[in-house]
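Mind docking chain B on chain A? Use the hints.
Those protein sequence lines, which keep their order, are chains A and B.
Numbering-wise (this note's numbering), the first sequence opens with residue 1 and increments by one.
Numbering-wise (this note's numbering), the second sequence opens with residue 1 and increments by one.
Take the hints with a grain of salt, since some may be wrong.
Claimed, not checked - Listed below are several chain B residues computed to face chain A (Cβ distance under 10 Å; list not exhaustive): (1) 4; (2) 56; (3) 105; (4) 106; (5) 110.
What the hints assert, rightly or not - Simulated pairs of lysine-lysine, BS3-like, Cα-Cα distance not exceeding 30 Å: (6) B/68 / B/24; (7) A/108 / A/56; (8) B/78 / A/42; (9) A/42 / B/68; (10) A/108 / A/42; (11) A/42 / A/2; (12) A/2 / A/56; (13) A/42 / B/24; (14) A/56 / A/42; (15) A/2 / B/68; (16) A/56 / A/67; (17) A/67 / A/2; (18) A/2 / B/78; (19) B/24 / B/78; (20) B/78 / B/68.
Read the hints as simulated data drawn from the structure, not as lab findings.
Backbone N, C-alpha and C define an ideal beta-carbon position, used for all residues, glycine too.
Residues per chain, in single letters:
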Amino acid sequence: QKEVEQNSGPLSVPEGAIASLNCTYSDRGSQSFFWYRQYSGKSPELIMFIYSNGDKEDGRFTAQLNKASQYVSLLIRDSQPSDSATYLCAVERNNDMRFGAGTRLTVKP
Amino acid sequence: DAGVIQSPRHEVTEMGQEVTLRCKPISGHDYLFWYRQTMMRGLELLIYFNNNVPIDDSGMPEDRFSAKMPNASFSTLKIQPSEPRDSAVYFCASNTGPSSYEQYFGPGTRLTVT
Numbered sequence: 001q002k003e004v005e006q007n008s009g010p011l012s013v014p015e016g017a018i019a020s021l022n023c024t025y026s027d028r029g030s031q032s033f034f035w036y037r038q039y040s041g042k043s044p045e046l047i048m049f050i051y052s053n054g055d056k057e058d059g060r061f062t063a064q065l066n067k068a069s070q071y072v073s074l075l076i077r078d079s080q081p082s083d084s085a086t087y088l089c090a091v092e093r094n095n096d097m098r099f100g101a102g103t104r105l106t107v108k109p
Numbered sequence: 001d002a003g004v005i006q007s008p009r010h011e012v013t014e015m016g017q018e019v020t021l022r023c024k025p026i027s028g029h030d031y032l033f034w035y036r037q038t039m040m041r042g043l044e045l046l047i048y049f050n051n052n053v054p055i056d057d058s059g060m061p062e063d064r065f066s067a068k069m070p071n072a073s074f075s076t077l078k079i080q081p082s083e084p085r086d087s088a089v090y091f092c093a094s095n096t097g098p099s100s101y102e103q104y105f106g107p108g109t110r111l112t113v114t
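Same shape as in the complex, but just chain A:
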């Protein structure tokens, strides 16, 4: 079992729709959870982080964490073509960050 699992996609949504990205992790001791966005040929950049169970909203982005289910998700509302990228889920414990393989999202105009 991989430490961090994501559906590789591709996930395709129309412009203006909600994109839902999911991630599960195996280490119950994980402390922090991150979503990074990576455009093709570029380096990862942080979108959201969450530490506690529940939802965290930042603009069009909402991160959801359920530690009991070892599940974290990212919702992107009003998706834009510029959101087309690979989204990496990352799980951290004592500064040791483990990344999922990423989900490729395409937002079609």
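Same frame as chain A, but now just chain B:
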């Protein structure tokens, strides 16, 4: 700040040659991380340093890989001898530690070993 700086941005070398990748972290960041990214394996943590000291090198694939951080502003990742399966994008990242969780990534070095 200029962000994390990596050099070279692209490296093409022949199998068996030594390769050295370089990284300058953001000033004031105590932690430095080396990652490797491939299509097959995704983004993998190779090693990380805290205050120039290697903390966890369990991700280093084998003895051909070595990393050093002689001072707070410079780190190297060396592969000797290189093999075609080492072809990947190597990222360096830095942050200020557990109290500041975001890792700031450099632009990466695309390594091709022929």
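Here's how the hints hold up against the structure:
Interface hint at residue 4 of chain B: satisfied, since its Cβ lies 8 Å from the closest Cβ of chain A, which is below the 10 Å cut-off. About 6 Å separates the beta-carbon of residue 56 of chain B from the nearest beta-carbon of chain A, less than 10 Å, and the hint is met. The interface hint given for residue 105 of chain B is met, as the beta carbon of that residue sits about 4 Å from the closest beta carbon of chain A, less than 10 Å. Using the Cβ-Cβ criterion of 10 Å, the hint placing residue 106 of chain B at the interface with chain A is satisfied: the shortest such distance is roughly 6 Å.
The criterion of a C-beta within 10 Å of any C-beta in chain A is met by residue 110 of chain B, whose closest approach is roughly 9 Å, and the hint holds. Distance hint between residue 68 of chain B and residue 24 of chain B is fulfilled; the C-alpha atoms sit about 12 Å from each other, no more than 30 Å. With a CA separation close to 26 Å, the supplied pair residue 108 of chain A and residue 56 of chain A stays within the 30 Å bound. Taken as a hint, the residue 78 of chain B and residue 42 of chain A pair is honoured in the structure, with Cα atoms around 22 Å apart against an allowance of 30 Å.
A distance of roughly 25 Å separates the Cα atoms of residue 42 of chain A and residue 68 of chain B; the hinted pair therefore holds under the 30 Å criterion. Simply put, residue 108 of chain A and residue 42 of chain A have alpha-carbon atoms about 21 Å apart, close enough for the 30 Å limit, and the pair holds. For a cut-off of 30 Å, the pair hint linking residue 42 of chain A to residue 2 of chain A stands: about 24 Å separates their Cα positions. About 26 Å separates the Cα atoms of residue 2 of chain A and residue 56 of chain A, which keeps this hinted pair within 30 Å; it holds.
Between the alpha carbons of residue 42 of chain A and residue 24 of chain B the distance comes to roughly 18 Å, so the proposed pair stays at or under 30 Å and holds. For a cut-off of 30 Å, the pair hint linking residue 56 of chain A to residue 42 of chain A stands: about 26 Å separates their Cα positions. With a C-alpha separation of about 29 Å, the suggested pairing of residue 2 of chain A with residue 68 of chain B holds against the 30 Å cut-off. The straight-line distance between the Cα atoms of residue 56 of chain A and residue 67 of chain A is roughly 14 Å, inside the 30 Å bound, and the hint therefore holds.
Between residue 67 of chain A and residue 2 of chain A, the direct Cα distance comes to roughly 17 Å. Compliance with the 30 Å bound is thereby established for this hinted pair. Taken as a hint, the residue 2 of chain A and residue 78 of chain B pair is honoured in the structure, with Cα atoms around 27 Å apart against an allowance of 30 Å. Restraint check for residue 24 of chain B and residue 78 of chain B: the C-alpha separation of about 15 Å stays at or below 30 Å, so the hint holds. Distance check on the hinted pair: residue 78 of chain B and residue 68 of chain B sit about 8 Å apart at the alpha-carbon level, within 30 Å; holds.
Against the hints set out earlier in the document, no violation occurs for any number.
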